[in-house]
Amino acid sequence: EIVLTQSPGTLSLSPGERATLSCRASQTVSSTFLGWYQQKPGRAPRLLIYGASSRATGIPDRFSGSGSGTDFTLTISRLEPEDFGVYFCQQYGPSPRTFGQGTKVEIK
Amino acid sequence: QLQLQESGSGLVKPSQTLSLTCTVSGGSISSREHSWSWIRQAPGKGLEWIGYVYYSGSTYSNPSLQSRVTISVDRSKNQFSLRLTSVTAADTAVYYCTRETEFWGNDYWGQGALVTVSS
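Protein sequence lines, in the order shown, are assigned to chains A and B.
So the first sequence is numbered by our numbering: it starts at 307 and just counts up by one.
So the second sequence is numbered by our numbering: it starts at -10 and just counts up by one.
Since the hints were derived computationally from the structure, they do not count as laboratory data.
Every residue gets a Cβ at the ideal spot worked out from N, C-alpha and C, and that includes glycine.
Hints should not be assumed to be uniformly reliable.
[As the list claims (entries may be wrong)] Pairwise CB distance ranges, derived in the manner of DEER restraints:
1. A:Ser332 to B:Arg64: 15 to 25 angstroms
2. B:Asn67 to A:Arg324: 36 to 46 angstroms
3. A:Gly364 to B:Gln(-6): 29 to 39 angstroms
4. B:Ser65 to A:Thr316: 44 to 54 angstroms
5. A:Pro347 to B:Gln(-6): 15 to 25 angstroms
6. B:Gly35 to A:Lys414: 19 to 29 angstroms
7. A:Arg324 to B:Gln5: 15 to 25 angstroms
Just chain A, same shape as in the assembly:
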């Protein structure tokens, strides 16, 4: 099973700041099968990024994904108030699919 480790656990930032979230895999993950999700309290996760760097439908361009191999990054260029929440990475290549433990982006 591929273990995904996200860092930091919590990111405290102000609106307008840049957020950089990391997802590291225990073994090589095909970029094709790496995604990022956003979750707000009491809500289902929402797909943000698929294929490591492609934005899902309706996702603003302030969200971008990058990386390859074992190291992947989600960047939010300028935080908006609605961007605060928990972000998960997931690999959906080999089964079992696995998720990172999440990074909480909170208002500073």
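For this one, chain A is given, so just place chain B on it according to the hints.
Structure of chain B alone, referenced to chain A:
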């Protein structure tokens, strides 16, 4: 617009069987491009992938749960289901059904169903 809706018992006694159904509307479950998944989230915790089923009935379950999990599909009702046997308090979670699209990941999610295991 595709929609997924979980339904089932919200309270299950220890050692009994958890049963949930996901009804898909606005699209067909009989698609070669998609698999249909269950994912859960214990209170205050992260996401745990349970398994998936294809329209053909082919399934894969997380080895951590495999001996207790059955995932099935009913194409006539456009539904898929989860059964988890011998539940304990550790199975208390919000259970989500999702559509996974090849190369896209989990692009549609149900709203989630809280299942509490308690006597």
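Hint check:
Take A:Ser332 and B:Arg64: their Cβ atoms lie about 37 angstroms apart, and the range 15 to 25 angstroms is violated. One distance hint, 36 to 46 angstroms for the beta-carbon pair B:Asn67 and A:Arg324, holds here, with the actual separation near 43 angstroms. Evaluation of the 29 to 39 angstroms hint for A:Gly364 and B:Gln(-6) yields a failure: the beta carbon distance comes to about 21 angstroms. At about 47 angstroms, the CB distance of B:Ser65 to A:Thr316 agrees with the hint of 44 to 54 angstroms.
A hinted range of 15 to 25 angstroms holds for the C-beta pair A:Pro347 and B:Gln(-6), which are about 21 angstroms apart. In this structure the hint that B:Gly35 and A:Lys414 lie 19 to 29 angstroms apart at CB holds, the actual value being about 23 angstroms. Hint check: A:Arg324 to B:Gln5, Cβ distance near 49 angstroms, so the stated range 15 to 25 angstroms is violated.
When the structure is compared with the earlier hints, violations turn up for hints 1, 3 and 7 and for no others.
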